[in-house]
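J.: Sequence:
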Amino acid sequence: MYKLPSPVQAPTNKKPNKRRFRYLIFQILGAILLLSWISYSFSSGVDRISLKIHPAVEGLISRPGPISPIRQKEKKKEAYVTFLSSITDPAYLLSTRLLIYQLLHDPLNLDSTRSRDIVVVLTPEISQDVEALLMREGATIERVELLDGLDLPEQVNDHWRDQYTKLNIFNLTSYERVLYLDNDVLLLKSLEDIWHSDGSDLPSGLGGVGENSKRLMRNTDLRIPPPEGLDVEEKDYLNAGFMLIRPDEGLFEELRGVRGYDTFYMEQALINHYFDWEGEHPWTALDYKFVSHFPRSSDIEEGYHSLHAKMWKDPVPQAVRQIWEQAVERMEEHWRWHEEE
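Under UniProt numbering, the residues of the sequence shown are numbered 1 to 341, in order.
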């Protein structure tokens, strides 16, 4: 019968173990050499390929990319902005609340994307109670200090003394673009189309709607409309109550250093001086139907998006004033209904 061989006894000497150890070392060294050769070949190949890339494209390839599309979107967004520096006349607080309501809650005028903040820039004079009210009604609050060191007109009334502080809007750099609206702007329909309209890319950082020709402007507290028949192309004087802005800290600092303009209209005069159509950074004209700076009854039928006037005291047509009164009533009814819930 075939007998199984006896089990082989483990050798008592250590030479085979040493041989296996040396063999393992050789394997590791070989793997390292192989990886080094592959890495060298790959990098050389990349170098050879990069020589064939057009320099313009190579610059794009080497440029650092964004952190991520999601984070970039969160950091850079758009907003509607208004400014409240005094409530000595309570109508300004009412108008601010109405603008917030129209942009956020009024089904006739709201931004249907519901993706844009409604920012109210407040000066130190505005109380915490007013701030709390505006926040309850949906606003995002930006507290700013008064800007000083800028040239003032010889005489300035109490309401206008803080108007240079409005320039802080150019420094709202947490937003890619902002649409600034004076708080006496009344919406007739949504303004959301402005974000994708012609000129909204803002080559100089500012777009708006002209109210008159510079050659026709006079220093007066009266609101004097331009002559009938003045072409849009001639309205090179921007009304600073309606501006599409690309905020930038460098631009903000440049504006603070502007001098050599007629100071009667304060921040509006400064802005028109810096963004002059014949200067180095002309403002961009947007569709004039986004705002009527001198409201008429016909603006309602002609499809204007908004009307800019102090509806409670300016000499506006009765049909226009009635739209404002109805909007105020809708707002008050909206908040009464929410308080009763």
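No wet-lab data here; the hints were simulated from the structure. Warning: the hint list may mix true and false statements.
[Unchecked claim] Okay, derived cross-link-like pairs now, EDC-like style, lysine to aspartate or glutamate, Cα gap no bigger than 16 Å in a straight line: (1) K310 with D89; (2) K77 with D117; (3) K313 with D221; (4) K189 with E301; (5) K289 with E332; (6) K189 with E302; (7) K235 with E301; (8) K310 with E234; (9) K214 with D299; (10) K289 with D299; (11) K214 with D231; (12) K235 with D276; (13) K289 with E233; (14) K289 with E301; (15) K189 with E278; (16) K214 with E192.
All values reported here derive from a predicted model rather than from experimental measurement.
J.: Would you mind marking each hint as holding or not holding in the structure?
T.: Each hint, compared with the structure:
1. For the suggested pair K310 and D89, the alpha carbons sit about 12 Å apart, so the restraint of at most 16 Å is met.
2. The straight-line distance between the Cα atoms of K77 and D117 is roughly 9 Å, inside the 16 Å bound, and the hint therefore holds.
3. The straight-line distance between the Cα atoms of K313 and D221 is roughly 14 Å, inside the 16 Å bound, and the hint therefore holds.
4. Taking the CA atoms of K189 and E301, the gap is near 12 Å; set against the 16 Å cutoff, the hint holds.
5. Distance hint between K289 and E332 is unfulfilled; the C-alpha atoms sit about 28 Å from each other, more than 16 Å.
6. Proximity of K189 to E302 is assessed by CA-CA distance (about 12 Å); at most 16 Å being required, the pair is judged to hold.
7. Restraint check for K235 and E301: the C-alpha separation of about 22 Å exceeds 16 Å, so the hint is violated.
8. With a C-alpha separation of about 25 Å, the suggested pair K310 and E234 falls outside the 16 Å cut-off, and the hint is violated.
9. The hinted pair formed by K214 and D299 fails the criterion: a straight-line CA distance of about 24 Å is larger than 16 Å.
10. Proximity of K289 to D299 is assessed by CA-CA distance (about 9 Å); at most 16 Å being required, the pair is judged to hold.
11. This hinted pair checks out: K214 and D231 have alpha carbons roughly 13 Å apart, not beyond 16 Å.
12. Simply put, K235 and D276 have alpha-carbon atoms about 12 Å apart, close enough for the 16 Å limit, and the pair holds.
13. Restraint check: the Cα-Cα separation between K289 and E233 comes to about 14 Å, which is no more than 16 Å; the hinted pair holds.
14. With a CA separation close to 11 Å, the supplied pair K289 and E301 stays within the 16 Å bound.
15. Among the hinted pairs, K189 with E278 is inconsistent with the structure: their alpha-carbon atoms are about 33 Å apart, more than 16 Å.
16. For the hint pairing K214 with E192, the CA-to-CA distance comes to about 29 Å; that exceeds 16 Å, so the pair is violated.
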